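We have chain A; now place chain B onto it with these hints.
Protein chains: 2
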Amino acid sequence: MLASLSADDAEWAAAERPLAALRAVSTAQVRAAVRACAELGVPVVPRGAGTGLSGGANATEGCLVLDLSRMDRVLEIDAENLVAVVQPGVVNDDLKKAVAEHGLWYPPDPASAPWSTIGGNVATNAGGLCCLKYGVTRDYVLGLKAVVGGPAGEYGTAVRLGRRTTKGVSGYDLASLFVGSEGTLGVVTEVTLRLRPARRDVPHTVVGAFDSLVAAGEAVALCTRRGLAPAALELLDRACLEAVEEWKHLGLEPEAAALLLARLDAPGQAGTEEAEAVARAFAESGARWAERSTDAVEAEALFEARRLAYPALERLGPVLTEDVCVPRSAVPAMLARTEETGRRHGVRIATIAHAGDGNLHPLLITPPGDEAARRAAQAAFEELLAQAVALGGTVTGEHGVGLLKRGGMRAELGPEVCAMQEAVKRTLDPLGLFNPGKVVGAPGS
Amino acid sequence: MLASLSADDAEWAAAERPLAALRAVSTAQVRAAVRACAELGVPVVPRGAGTGLSGGANATEGCLVLDLSRMDRVLEIDAENLVAVVQPGVVNDDLKKAVAEHGLWYPPDPASAPWSTIGGNVATNAGGLCCLKYGVTRDYVLGLKAVVGGPAGEYGTAVRLGRRTTKGVSGYDLASLFVGSEGTLGVVTEVTLRLRPARRDVPHTVVGAFDSLVAAGEAVALCTRRGLAPAALELLDRACLEAVEEWKHLGLEPEAAALLLARLDAPGQAGTEEAEAVARAFAESGARWAERSTDAVEAEALFEARRLAYPALERLGPVLTEDVCVPRSAVPAMLARTEETGRRHGVRIATIAHAGDGNLHPLLITPPGDEAARRAAQAAFEELLAQAVALGGTVTGEHGVGLLKRGGMRAELGPEVCAMQEAVKRTLDPLGLFNPGKVVGAPGS
Numbered sequence: 006m007l008a009s010l011s012a013d014d015a016e017w018a019a020a021e022r023p024l025a026a027l028r029a030v031s032t033a034q035v036r037a038a039v040r041a042c043a044e045l046g047v048p049v050v051p052r053g054a055g056t057g058l059s060g061g062a063n064a065t066e067g068c069l070v071l072d073l074s075r076m077d078r079v080l081e082i083d084a085e086n087l088v089a090v091v092q093p094g095v096v097n098d099d100l101k102k103a104v105a106e107h108g109l110w111y112p113p114d115p116a117s118a119p120w121s122t123i124g125g126n127v128a129t130n131a132g133g134l135c136c137l138k139y140g141v142t143r144d145y146v147l148g149l150k151a152v153v154g155g156p157a158g159e160y161g162t163a164v165r166l167g168r169r170t171t172k173g174v175s176g177y178d179l180a181s182l183f184v185g186s187e188g189t190l191g192v193v194t195e196v197t198l199r200l201r202p203a204r205r206d207v208p209h210t211v212v213g214a215f216d217s218l219v220a221a222g223e224a225v226a227l228c229t230r231r232g233l234a235p236a237a238l239e240l241l242d243r244a245c246l247e248a249v250e251e252w253k254h255l256g257l258e259p260e261a262a263a264l265l266l267a268r269l270d271a272p273g274q275a276g277t278e279e280a281e282a283v284a285r286a287f288a289e290s291g292a293r294w295a296e297r298s299t300d301a302v303e304a305e306a307l308f309e310a311r312r313l314a315y316p317a318l319e320r321l322g323p324v325l326t327e328d329v330c331v332p333r334s335a336v337p338a339m340l341a342r343t344e345e346t347g348r349r350h351g352v353r354i355a356t357i358a359h360a361g362d363g364n365l366h367p368l369l370i371t372p373p374g375d376e377a378a379r380r381a382a383q384a385a386f387e388e389l390l391a392q393a394v395a396l397g398g399t400v401t402g403e404h405g406v407g408l409l410k411r412g413g414m415r416a417e418l419g420p421e422v423c424a425m426q427e428a429v430k431r432t433l434d435p436l437g438l439f440n441p442g443k444v445v446g447a448p449g450s
Numbered sequence: 006m007l008a009s010l011s012a013d014d015a016e017w018a019a020a021e022r023p024l025a026a027l028r029a030v031s032t033a034q035v036r037a038a039v040r041a042c043a044e045l046g047v048p049v050v051p052r053g054a055g056t057g058l059s060g061g062a063n064a065t066e067g068c069l070v071l072d073l074s075r076m077d078r079v080l081e082i083d084a085e086n087l088v089a090v091v092q093p094g095v096v097n098d099d100l101k102k103a104v105a106e107h108g109l110w111y112p113p114d115p116a117s118a119p120w121s122t123i124g125g126n127v128a129t130n131a132g133g134l135c136c137l138k139y140g141v142t143r144d145y146v147l148g149l150k151a152v153v154g155g156p157a158g159e160y161g162t163a164v165r166l167g168r169r170t171t172k173g174v175s176g177y178d179l180a181s182l183f184v185g186s187e188g189t190l191g192v193v194t195e196v197t198l199r200l201r202p203a204r205r206d207v208p209h210t211v212v213g214a215f216d217s218l219v220a221a222g223e224a225v226a227l228c229t230r231r232g233l234a235p236a237a238l239e240l241l242d243r244a245c246l247e248a249v250e251e252w253k254h255l256g257l258e259p260e261a262a263a264l265l266l267a268r269l270d271a272p273g274q275a276g277t278e279e280a281e282a283v284a285r286a287f288a289e290s291g292a293r294w295a296e297r298s299t300d301a302v303e304a305e306a307l308f309e310a311r312r313l314a315y316p317a318l319e320r321l322g323p324v325l326t327e328d329v330c331v332p333r334s335a336v337p338a339m340l341a342r343t344e345e346t347g348r349r350h351g352v353r354i355a356t357i358a359h360a361g362d363g364n365l366h367p368l369l370i371t372p373p374g375d376e377a378a379r380r381a382a383q384a385a386f387e388e389l390l391a392q393a394v395a396l397g398g399t400v401t402g403e404h405g406v407g408l409l410k411r412g413g414m415r416a417e418l419g420p421e422v423c424a425m426q427e428a429v430k431r432t433l434d435p436l437g438l439f440n441p442g443k444v445v446g447a448p449g450s
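Residue numbers (this note's numbering), protein chains in the order written: chain A, 6 to 450; chain B, 6 to 450.
The hints are simulated quantities; they were obtained by calculation from the structure and are not laboratory data.
All figures in this text were calculated on a predicted structure; none of them were measured in a lab.
Incorrect hints may appear among the rest.
Identical copies look the same in the list; a pair holds intra-copy or inter-copy alike.
[Said to hold, decoys possible] Taking lysine to aspartate or glutamate and the EDC-like style, the derived pairs with C-alpha atoms no more than 20 Å apart in a straight line are:
id : residue 1 : residue 2
1  : 138       : 85
2  : 138       : 206
3  : 138       : 83
4  : 101       : 305
5  : 102       : 16
6  : 102       : 305
Here chain A stands alone, though its shape is the one from the complex (with noise of 0.2 Å):
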């Protein structure tokens, strides 16, 4: 039991041996167990349901495991001002399907959505697939309960941050701070969200087949400067294609080096203006084909087979997955770089993303129990990080720096900024109780 809680889904990040678990079901719990740690010294490491992939949710040596997931409760829909406000264990797609109810949406749809929490969303500012168009995580945050410790008070101490109103600058916003830090500033146990009216009208999509990883990009670029905004735009290379292909048989052209899939969902007939012109972007920029799926069954499958590929790689061995963002008109070299490293380093790199965010996902599988092969791709982990860096852009986009992203994000930031970060850690967890080592903590601490 202890063991199935003290990791995430996160390759080859260490995890130590936990003293104790908490299913934790309330705040008072929480408050509780928080003040006792603090007593004796004993580091909080707090999850949801654990499908992070960057070891931010990983047990410490000695800690107590605080586990939300049984705080599932949607407290409360606020129709009227477009608000939920929710319990951290709640599942993403658990309170997609209560807002609807009320004719509303909760944009944010990581891949993970049927399984993660909205408490492990806010931890690490999870994206997903129509963040293109709608913002992330934060952007839907408006305020948070929060355990914390430090300059509130004794730690066990609840404060709200935030607001429940549309918009606010009564002080400095740490609510947004605790967006993304993963757990180490507090423990977060309500949050209050910003819902959207539902959708009327079903999206579009339009799919296309390229030659070329570079050819795709361009189709993503000449959208960007035709000013079309897709709600989503997904790319999946060759090797998540024969993967997919390998296992379902979708009749998905693996022949294609990438696949590109776009949502339009702009209302009545400007989404439909809009799916053909993306259809067209992709055609002049050199599709093999590209088409409007006029039947919603075979839209569905595509996206399908998206979410599908991490699935399918994972059946041919661990799964390293990286998570860099570079500016969108950075995607064909990165995605060059990335072939080229695995290249370089013998790995076979399969990539989806989201492409029109700049936003990749290469996955880097090994064989099982080849100890090289393991070497070589965390080898190429850490280049590809640096390559994303080195182009402009971020370690991680939405994945979060857990564990194993402490090297790059260092790398990324500067020692200045990393200074002002360790500062900040400091003064709000002067203890350092809420999971310590992670984001800030020195790699290889």
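Chain B only, in chain A's frame:
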């Protein structure tokens, strides 16, 4: 000269005597000035155009006023990546014009856009009309260059916070922390902004006249319930209409208790349908009349009247500007309490509101030179802050805390969260050099 640089547009916020002013032209100058001020113990008060309404740019005794209005270059417009990089002194409307030449759009549109600078907009997290649909300044700030002190190194160190990519979660979101911090954490000398493609269609305008503020508030609620998403939804009460009409004779229907102005920009036929749906919602909520303006000149005149409201009221005497924001559903209650408060204190209050956001600007007008009226207005001002908080709102939606809302902010956030705010300030500015006394300073200090 020094006197003109010692205060912003906030009525009755205390401005003290600066030691000197510097019109900086480069980050290097700002760095040198901050370094020298740290050595000499001279506080640094940054300012842009001085259009602030909370006293955030007011001089403190013996400070250096650091005027950034000459750092007014648009450094880069990157159409491939929908990004602009600007100096802080660029005027909001000038940026809009510059990016429009590339088919791009920078949405945040505070009423001060013809004069206010991006640096000031960042300092207060400025909103405006179209943030209802398109978000506030923070939603457009990807990254910042700032001159800081403390953990990053000696005072005068320049750091880059945030990023240039659309997504990123590499460490705590210090860029968002600086947005809305009113120059209290460092001096922003460069801003990297997200842009959008320009809108293709001319937006539709719908206007409705109401016999009561409550009916107007219900019309706003009905639009929300029906999932309508105006790009702007503004309210002017009778006192505003009268003041504009007395001055400009626009034929505005000053006998109505309130006018609602909506702007709809869904593309193509969807925009027409949305405009008609809003007009219907107005009518069903009891509007005396409601219609979709089919005449672009007339529509522009209506929004011009909204922009004229503030100067029209200033003709009548000093104006003390509220900026409360409440949950949308509380707009009718807040309007009713505003009227009642004005009556009870004998203060003339006119209200402009970003009604769709719940962001209300009750404007308290006092006859010039009347000390008793001034005291009554200040009492009413503080009472309205408390009422907004009691309704689940905030004391400032988009103008910032500055000097005038420090007491209100403390009441809103409570001592624990204020202690966190102060700890963050002490950590990032241990000398208390940057704009001391603003935001987190004790009221009356």
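For each hint, the structure was consulted:
In this assembly of identical chains, residue 138 and residue 85 lie within 20 Å of each other by CA distance solely across copies; the values are 16 Å between and 24 Å within a copy. In this homomeric assembly, residue 138 and residue 206 come within 20 Å of each other (Cα to Cα) both inside a single copy, at 16 Å, and across copies, at 19 Å. Only between protomers do residue 138 and residue 83 lie at most 20 Å apart by alpha-carbon distance; the minimum there is 18 Å, versus 24 Å within a single protomer. Within a single copy, residue 101 and residue 305 get their C-alpha atoms as close as 18 Å, which meets the 20 Å cut-off; across copies the closest is 39 Å, which misses it.
Proximity of residue 102 and residue 16 under a CA criterion of 20 Å is satisfied in neither setting, with 31 Å inside one chain copy and 49 Å between copies. For the identical chains of this complex, residue 102 and residue 305 are intra-copy neighbours only, at 18 Å inside a copy versus 41 Å across copies, given an alpha-carbon limit of 20 Å.
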